[in-house]
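Asks: Use the sequences and the hints to build the structure in full.
So for the sequence shown, this note's numbering puts the first residue at 15; every next one is plus one.
Careful, some of the hints might be misleading.
[Unchecked claim] Calculated pairs, EDC-like style, for lysine to aspartate or glutamate (alpha carbon to alpha carbon, straight line, at most 20 Å):
#1 Lys49 with Glu83
#2 Lys115 with Asp143
#3 Lys49 with Glu73
#4 Lys49 with Asp163
#5 Lys159 with Glu73
#6 Lys49 with Asp86
#7 Lys159 with Asp143
#8 Lys115 with Glu34
[Claimed, not checked] Per label pair, the in silico range of CB-to-CB distance:
#9 Leu141 with Thr112: 27 to 37 Å
#10 Ser192 with Ser99: 24 to 34 Å
#11 Ala116 with Pro82: 23 to 33 Å
#12 Gln196 with Lys115: 29 to 39 Å
#13 His108 with Ala193: 34 to 44 Å
#14 Asp189 with Thr157: 17 to 27 Å
#15 Glu83 with Thr203: 35 to 45 Å
Honestly, the hints are just simulated from the structure, not real lab data.
The beta-carbon is built from N, C-alpha and C at its ideal position, and this holds for glycine as well.
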Amino acid sequence: MPLDLFTPQNTAVLLIDHQEGTMSWIRSAPLEQVKANALAVAKAATALDMPLVLTSSLEDMVQGPLLPELRDIAPQQYATRIRRSGVVNAMEDHQFATAVKATDRPNLVIAGVTNDVCTVYPTMSALRDGYRVQVVADAGGSTSKQADDIAVERMRSAGAGITATIMLLSELARDWSSAAGQILLPVTTSLVP
Numbered sequence: 015m016p017l018d019l020f021t022p023q024n025t026a027v028l029l030i031d032h033q034e035g036t037m038s039w040i041r042s043a044p045l046e047q048v049k050a051n052a053l054a055v056a057k058a059a060t061a062l063d064m065p066l067v068l069t070s071s072l073e074d075m076v077q078g079p080l081l082p083e084l085r086d087i088a089p090q091q092y093a094t095r096i097r098r099s100g101v102v103n104a105m106e107d108h109q110f111a112t113a114v115k116a117t118d119r120p121n122l123v124i125a126g127v128t129n130d131v132c133t134v135y136p137t138m139s140a141l142r143d144g145y146r147v148q149v150v151a152d153a154g155g156s157t158s159k160q161a162d163d164i165a166v167e168r169m170r171s172a173g174a175g176i177t178a179t180i181m182l183l184s185e186l187a188r189d190w191s192s193a194a195g196q197i198l199l200p201v202t203t204s205l206v207p
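Replies: The following block contains the structure:
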C-alpha cells in the first residue's frame, strides 16, 4: 500500500513570523541553522510552484520585519504577506485564514517562530479545520529547549506530523532523479554539514 505522502500538488506551505526580532528570541537551537532551514522550505515551495503564505505580526514593534532573504526568495509572497496586528493564532486572523483556504490544498506544511507561540496554535486550528499538517520543527524554535519540546509534543498529540527540513524536502522530491528531485537536490545538499 503506498504511503499517503505530502506532494507539491496537494500541499501548501505556511511560514509564520520568521521576523528579525522574533528570530533573535530562539534559544532552543542554533539561530543560523533555524534560519537556513526556514529559507530552504521557502526555496522549495517557490521552486516547486507550491502555494506559500507568509505572515508577520507587529512588524513595526520589537518583532521587526520578515527576514529580508524571504523577499529575495519569494518576492510576490513577501509583498502580499499577511501583516497581523498582534493576533497570536494566525488562523484567527481573517486575512490569513482566507489566504490559507484560497490555496485549496488539503495538506499544510507549517513552520513558525516561535514554535511554542506562533506555530502551536495555528497548527491546532488547522487540524481542527480538517487539514493534514506537518510541522517543520527545525525551521522554527522557541525561547528554551523545554518550551520547544513541550510545543512539539502538544502539536504531535493534537495530530500533527512532526518533520525536519531535510525529511520534508525528501518527501516532496520522492525521487532525486525526478524533476522535483533535481530542483530540490541543491537546496537539500546546502543544509548538509
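Asks: With the threshold set at 20 Å, check whether the alpha-carbon distance from Lys115 to Asp143 stays at or below it.
Replies: 10 Å, holds
Asks: Taking the beta carbons of His108 and Ala193, is their distance inside 34 to 44 Å?
Replies: 37 Å, holds
Asks: With a cut-off of 20 Å on the C-alpha distance, tell me whether Lys49 and Asp86 pass.
Replies: 14 Å, holds
Asks: If you check the beta carbons of Ser192 and Ser99, does the distance land in 24 to 34 Å?
Replies: For Ser192 and Ser99 the Cβ distance comes to about 42 Å; the hint is violated.
Asks: With the threshold set at 20 Å, check whether the alpha-carbon distance from Lys115 to Glu34 stays at or below it.
Replies: Between Lys115 and Glu34 the Cα gap is close to 27 Å, so the pair fails against 20 Å, i.e. violated.
Asks: Under the criterion that the straight-line Cα-Cα distance not exceed 20 Å, is the pair Lys49, Asp163 satisfied?
Replies: Roughly 19 Å between the alpha carbons, so the hint for Lys49 and Asp163 holds.
Asks: Please work out if Lys159 and Glu73 have their alpha carbons no farther apart than 20 Å.
Replies: Outside the cut-off at roughly 25 Å; violated.
Asks: Going straight from one Cα to the other, do Lys159 and Asp143 come out at no more than 20 Å?
Replies: The given pair, whose Cα atoms are some 29 Å apart, is violated under the 20 Å limit.
Asks: 35 to 45 Å was suggested as the range; check whether the CB atoms of Glu83 and Thr203 agree with it.
Replies: For Thr203 against Glu83, whose Cβ atoms are near 18 Å apart, the range 35 to 45 Å is violated.
Asks: Taken at face value, is the distance from the CA of Glu73 to the CA of Lys49 at most 20 Å?
Replies: At roughly 18 Å apart (the allowed maximum being 20 Å), Glu73 and Lys49 satisfy the hint.
Asks: If I claimed the Cβ atoms of Gln196 and Lys115 lie 29 to 39 Å apart, would that claim hold in this structure?
Replies: This hint holds: roughly 32 Å between Cβ atoms.
Asks: Is it true that the CA of Lys49 sits at most 20 Å from the CA of Glu83?
Replies: OK: Lys49 and Glu83 at ~10 Å, within 20 Å.
The structure fails hints 5, 7, 8, 9, 10, 14, 15 (numbered hints given earlier, in ascending order).
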